[in-house]
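Engineer: Chain by chain, the residues run as shown.
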Amino acid sequence: GAGVSQSPSNKVTEKGKDVELRCDPISGHTALYWYRQSLGQGLEFLIYFQGNSAPDKSGLPSDRFSAERTGGSVSTLTIQRTQQEDSAVYLCASSLLAEGTGELFFGEGSRLTVL
Amino acid sequence: KQEVTQIPAALSVPEGENLVLNCSFTDSAIYNLQWFRQDPGKGLTSLLLIQSSQREQTSGRLNASLDKSSGRSTLYIAASQPGDSATYLCAVRGRETSGSRLTFGEGTQLTVNP
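In order, the protein sequence lines correspond to chains A and B. With this note's numbering, the residue at position 55 of the first sequence is 55, and numbering never jumps. With this note's numbering, the residue at position 30 of the second sequence is 30, and numbering never jumps.
A portion of the hints provided could be inaccurate.
[Said to hold, decoys possible] Pairs of lysine-lysine, DSBU-like flavour, derived with a Cα cap of 30 angstroms:
(1) A:K11 / B:K42
(2) A:K57 / A:K17
(3) A:K15 / B:K68
(4) B:K1 / A:K57
(5) A:K17 / B:K42
(6) B:K42 / A:K15
(7) B:K1 / A:K17
[Stated by the list, open to error] Each pair of labels, with its calculated beta carbon distance range:
(8) A:P61 / B:G41: 33 to 43 angstroms
(9) A:K17 / B:P82: 35 to 45 angstroms
(10) A:S7 / B:S70: 37 to 47 angstroms
Hints were generated in silico from the structure; no laboratory data involved. Model, not experiment: these values are computed from the prediction. We put the CB at the ideal spot given by N, CA and C, even for glycine.
For reference, chain A alone in the conformation it holds in the complex (with noise of 0.2 angstroms):
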């Protein structure tokens, strides 16, 4: 597709159980974002990669969280050990560059809920 793809739209899960996210960018786009909103906040960073250097995870909330990005296309954020406060609206973005001028598209999100 055109824009960047994100699946599941929709994720129930129990506390403690593991969930995976995906995220597939806008072919050729070499930088890709994960972003959090929960309920009533704002968007927070979660972790940028760039092509093949090395990923600032600076933005992730604790070790439980953790993402990788394949081939520099398809990412997946992997929540181990799910808790409550985790429930979210996790967001996928793309830019053709990384540093600079680029525009950033985002996806559809991924809905997270724990029970």
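Position chain B against the provided structure of chain A, taking the given hints into account.
Structural biologist: Chain B in isolation, oriented as in the chain A frame:
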């Protein structure tokens, strides 16, 4: 640390009215500023992108301005329509942050009444 503030937090107007949404940021070392629209339960749709060297951008009924030196941007919506009802988010792409990540404001929730 970059901070982005949007005023007002919520706005309700009658259809047809012209309106202005405000965004301010604390660090003027930015590459650009982007305005987004978010409908309930949806992702973010990019509306306008203003580079740091530009003063304004226009798309249809939308006009966004940027005054980098004072750390301010406005989004002007002309002849508002009920379909404009959404949350509008302002975000700056900073030169000082890794990957030039976007820093977002809290958003303005706009309701346009028929």
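Engineer: Please go over all the hints and tell whether each is borne out by the structure.
Structural biologist: Status of the hints after comparison with the structure:
1. A:K11 / B:K42: holds, 15 angstroms
2. A:K57 / A:K17: holds, 22 angstroms
3. A:K15 / B:K68: It is violated: about 45 angstroms lies between the C-alpha atoms, which goes past 30 angstroms.
4. B:K1 / A:K57: holds, 17 angstroms
5. A:K17 / B:K42: holds, 25 angstroms
6. B:K42 / A:K15: Roughly 25 angstroms between the alpha carbons, so the hint for B:K42 and A:K15 holds.
7. B:K1 / A:K17: The hint is violated at about 35 angstroms.
8. A:P61 / B:G41: 33 to 43 angstroms: violated, 23 angstroms
9. A:K17 / B:P82: 35 to 45 angstroms: holds, 41 angstroms
10. A:S7 / B:S70: 37 to 47 angstroms: Given range 37 to 47 angstroms: holds, Cβ gap about 42 angstroms.
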